[in-house]
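For chain E, the structure is supplied; the task is to place chain U on it using the hints.
Number of protein chains: 2
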Amino acid sequence: MQKDTLVDIWKIYTRAIEAVDPYIACKNKISVCDGKLRIDGTDRVYNLSKYNRVFVVGAGKATASMARAVEEILGKRISSGCISVKHGYTEKLRRITQFEAAHPVPDENGMKAARTIYECVKEADENDLVISLISGGGSALLPLPAVGIDLKEMNKLTQLLLASGAPIDKVNCVRKHISMIKGGNLARAAFPATVLNLMISDVVGDDLDVIASGPFVPDSSSFSMARNIIQDYGLTESVPDSVSSRILDGCAGRLDENPGINDLVFKKVDNVVLLSNRTALKAAKKCASDLGYNSLILSSSIEGDAKNAVDFHVALAKEVMVSGNPVKRPACLLSGGESGVVVTGEGRGGRNTEFTLRAMERISNLEGVWAMSLATDGTDGPTDAAGAIVNWKSLSKSISIGLDVQHYLSENDSYGFFEQTGELLKIGPTNTNVMDMHIFIVC
Amino acid sequence: MQKDTLVDIWKIYTRAIEAVDPYIACKNKISVCDGKLRIDGTDRVYNLSKYNRVFVVGAGKATASMARAVEEILGKRISSGCISVKHGYTEKLRRITQFEAAHPVPDENGMKAARTIYECVKEADENDLVISLISGGGSALLPLPAVGIDLKEMNKLTQLLLASGAPIDKVNCVRKHISMIKGGNLARAAFPATVLNLMISDVVGDDLDVIASGPFVPDSSSFSMARNIIQDYGLTESVPDSVSSRILDGCAGRLDENPGINDLVFKKVDNVVLLSNRTALKAAKKCASDLGYNSLILSSSIEGDAKNAVDFHVALAKEVMVSGNPVKRPACLLSGGESGVVVTGEGRGGRNTEFTLRAMERISNLEGVWAMSLATDGTDGPTDAAGAIVNWKSLSKSISIGLDVQHYLSENDSYGFFEQTGELLKIGPTNTNVMDMHIFIVC
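These protein sequence lines map, in sequence, to chains E and U.
Residue 752 is where the first sequence starts when you use the working numbering, and the numbers rise one by one after that.
Residue 752 is where the second sequence starts when you use the working numbering, and the numbers rise one by one after that.
Just chain E, with the same shape it has in the complex:
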């Protein structure tokens, strides 16, 4: 019975991970028939004979896999292309040039890639099609500071903003105003070519302007907002002069604002989220239903502290047990997103092992309940595990081998804990990333 449930969970998450494999998904969702390019699940049709040239660009950890699929689908219809990927994330490509660059802190290689991509789309004219392949990490892999700002200054700005405690949307607002790529600036460079921007979303809510900082997406912020953020977080004196004079110049109306929602350039751009957390959840749900579970996708937008997310899932699992709501047993509750962990200890672990460790504590009196949390990229924080799987007996088993949960929690050493209980989930790097997935089973 227990063994069976473990196998079921293995099947469910394996199907979910397969469903967000970039290569397989591109091969399944993109097709060319009678010279017409179609994207599955949308009514978009690109008549390839209309275009003189097809360029492929992109950046992100999953982008090389996407590019391999696109090369196989489009073959010699691709005129040329260039992508920027993290070191070690290349694939065998024939037509598209790959740059290996640093992540998460951008380097000169990334800049070379970004400049090549910028020039590629700039060259494209109204008779050309630009296919863009964007995935998680794309922002760091496409560093192209505006004229007058160098890479070091750009990186320093990022560092200052992150250290200031400014929320991520404010950090990104400022960064979009010193970049030639982010905040729709790549769309402006590509105009008047037609752009098909295919994205794998690694952000909560799939906000297009957040995925890789939205190179082809309208920017709703302004130079004066960027200036206010620098002032509000006390960075006026510390940001590099080049940054401060650009932001000020922009405010003085001497620079164009980033293209907004009504800008002409976006009439030529199609933004398509090809894969997201929801894709994984839907595949997991189908698999769980096929296995006989009453399955429910709660949300793909779970964020905030992992502890609170656990509380909510446990409240639902309890309700399943007592009243058969929201679904009857055997139940499979699915959710996704990216919870955070406030790190105070020195231990090893990531969001998902911490989520699972907290869940383990809470389900120990709920017979028949299992909990799993995993990072879809296979790498939970700085560890080699994707997450962990526990059930209602895990707490007492851990006590019996002398482990003190509270100690491991206070040290943020959830990896160390599960290393000893044998409940770590190691699946290796998946070369995709649609954030995290949580599975609660009530047998």
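Since the hints were derived computationally from the structure, they do not count as laboratory data.
Bear in mind the structure is a predicted one, so any value in this text is a computation, not a measurement.
Please note that the accuracy of each hint is not assured.
Said to hold, decoys possible - In silico SDA-like pairs for lysine to any residue, Cα to Cα no more than 25 Å straight-line:
1. U:K1079 to E:L959
2. E:K1058 to U:E1112
3. E:K921 to E:K1037
4. E:K1019 to E:D794
5. E:K1037 to U:P1081
Said to hold, decoys possible - Derived CB-CB ranges, DEER-like:
6. U:G1004 to E:D1135: 25 to 35 Å
7. E:P918 to U:V1094: 20 to 30 Å
8. E:T765 to U:V856: 57 to 67 Å
9. E:E1097 to U:D958: 31 to 41 Å
10. U:G839 to E:V1094: 25 to 35 Å
11. U:R1080 to E:D920: 20 to 30 Å
12. E:T1095 to U:P855: 28 to 38 Å
13. E:G1153 to U:Q910: 14 to 24 Å
14. U:G839 to E:G1043: 50 to 60 Å
15. E:D794 to U:R1080: 17 to 27 Å
16. U:V1094 to E:D920: 26 to 36 Å
17. U:D1135 to E:D1135: 49 to 59 Å
Glycine residues also receive a C-beta, built at the ideal position from the N, C-alpha and C atoms.
Showing chain U alone in chain E's frame:
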């Protein structure tokens, strides 16, 4: 359309409140036919001809209403009875004596009531039936300290424990060890009479030993646990001498432990949760489904910080909008429990208005989303409102009349905020309490 949704929400929560009306529920769920007493939804049958006498006891804010129904159902089969209710919560009763007592801080009247009830059940023998009617507030309304401890000392202990930061289950553990009623002690007094204990649950998870501190429910804690709590929270020097010597006597084995799960006395006790948060949610779900909403009960055990609870509900509402999970639009998501609020400001408001104010902020970009939170007792914290109702337009409307949400949140003045927007929900005292209910509608 909007008007209609408001009417729908009104219908949904009105049906929910009706379903937990103590008088109506007792009348619907308890029946006597051919001399047999039956409780709806359970297979319990009490052959009244078997018993010489029927005593009715109880305590709580809803207990007078329950007693009125029981008097109407059992009539002259009731030999006598006594209940303890909060000042102003009496009903017209013919056979059962009512004591009006203080709540939440116990007074001498409560003690008189408790002593009368204790003596009543003590008098009952194996040929008698004791029907107990317990509802929220019952713990404070049944103060009967053990021999040697007076009311003042008991109240001081409660005060010290609450101020120490000890979690409520630890506070209750100590209190159960200085009481002649709590922690199963009333069951011991009633033995060998048969006891039918009917409860309205006002606690998360419906833990029987927590409802009114479980006068008829096994206690899993011990004197030594009570002593450790007093020591761990640094109260050894400050608790009254009478308390400390009783706890020490218990630890030395000179006093009996409270009756535990295997104690003989519980063979004669039936504990039945007549109404709970789940009762309200089920009625709300039925009503919403009848109105055409795809309805889902998430959980009746929502607790923790209101802000986190809001986040989770909003994540689900978003998912409904984007993908039709966990249910398609028009959707009605229902949940209940009791969230907390960390009070730092000086304003007016309760858990439910604060929940709704935080929800208002978060749903302002979610067209078609409504949120409501209400206290089923009609009294949200120290206010005369039960809660509030908002929709996606509420934030911008509030800004247009010059209100600053952040200011009201930091002052914990959610009542003051909604007083000005006209979105308070005032339904008056309902004389019942099954905690709070949250409704999210996605039109």
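Taking the hints in turn, this is what the structure says about them:
1. Between K1079 of chain U and L959 of chain E the CA atoms are separated by roughly 24 Å; this keeps the pair inside 25 Å, and the hint holds.
2. Distance check on the hinted pair: K1058 of chain E and E1112 of chain U sit about 23 Å apart at the alpha-carbon level, within 25 Å; holds.
3. Using a Cα cut-off of 25 Å, the hinted pair K921 of chain E and K1037 of chain E is violated, with the two alpha carbons roughly 38 Å apart.
4. The straight-line distance between the Cα atoms of K1019 of chain E and D794 of chain E is roughly 16 Å, inside the 25 Å bound, and the hint therefore holds.
5. Of the supplied pair hints, the one linking K1037 of chain E and P1081 of chain U holds, its CA atoms being roughly 23 Å apart against a limit of 25 Å.
6. A C-beta distance of roughly 54 Å is found between G1004 of chain U and D1135 of chain E, which places it outside the suggested range of 25 to 35 Å.
7. Taking the beta carbon of each, P918 of chain E and V1094 of chain U are about 25 Å apart, inside 20 to 30 Å as hinted.
8. The hint said 57 to 67 Å for the Cβ distance between T765 of chain E and V856 of chain U, and at roughly 58 Å that hint holds.
9. With their beta carbons about 37 Å apart, E1097 of chain E and D958 of chain U fall inside the hinted range of 31 to 41 Å.
10. A hinted range of 25 to 35 Å is violated for the C-beta pair G839 of chain U and V1094 of chain E, which are about 52 Å apart.
11. For the hinted restraint 20 to 30 Å between R1080 of chain U and D920 of chain E, the CB-CB distance of approximately 27 Å keeps it satisfied.
12. Between T1095 of chain E and P855 of chain U the Cβ separation comes to about 36 Å, which falls inside the hinted range of 28 to 38 Å.
13. For the pair G1153 of chain E and Q910 of chain U, the beta carbons lie near 39 Å from each other, so the given range of 14 to 24 Å is not met.
14. For the pair G839 of chain U and G1043 of chain E, the supplied restraint of 50 to 60 Å holds, since their beta-carbon distance comes to about 54 Å.
15. Under the hint 17 to 27 Å, the C-beta atoms of D794 of chain E and R1080 of chain U, about 22 Å apart, fit the expected range.
16. Our hint of 26 to 36 Å for V1094 of chain U and D920 of chain E holds, since their Cβ atoms are close to 29 Å apart.
17. Range check, D1135 of chain U to D1135 of chain E: Cβ separation about 58 Å, and the 49 to 59 Å hint holds.
Hints 3, 6, 10 and 13 from the list above are not met by this structure, while the remaining hints are.
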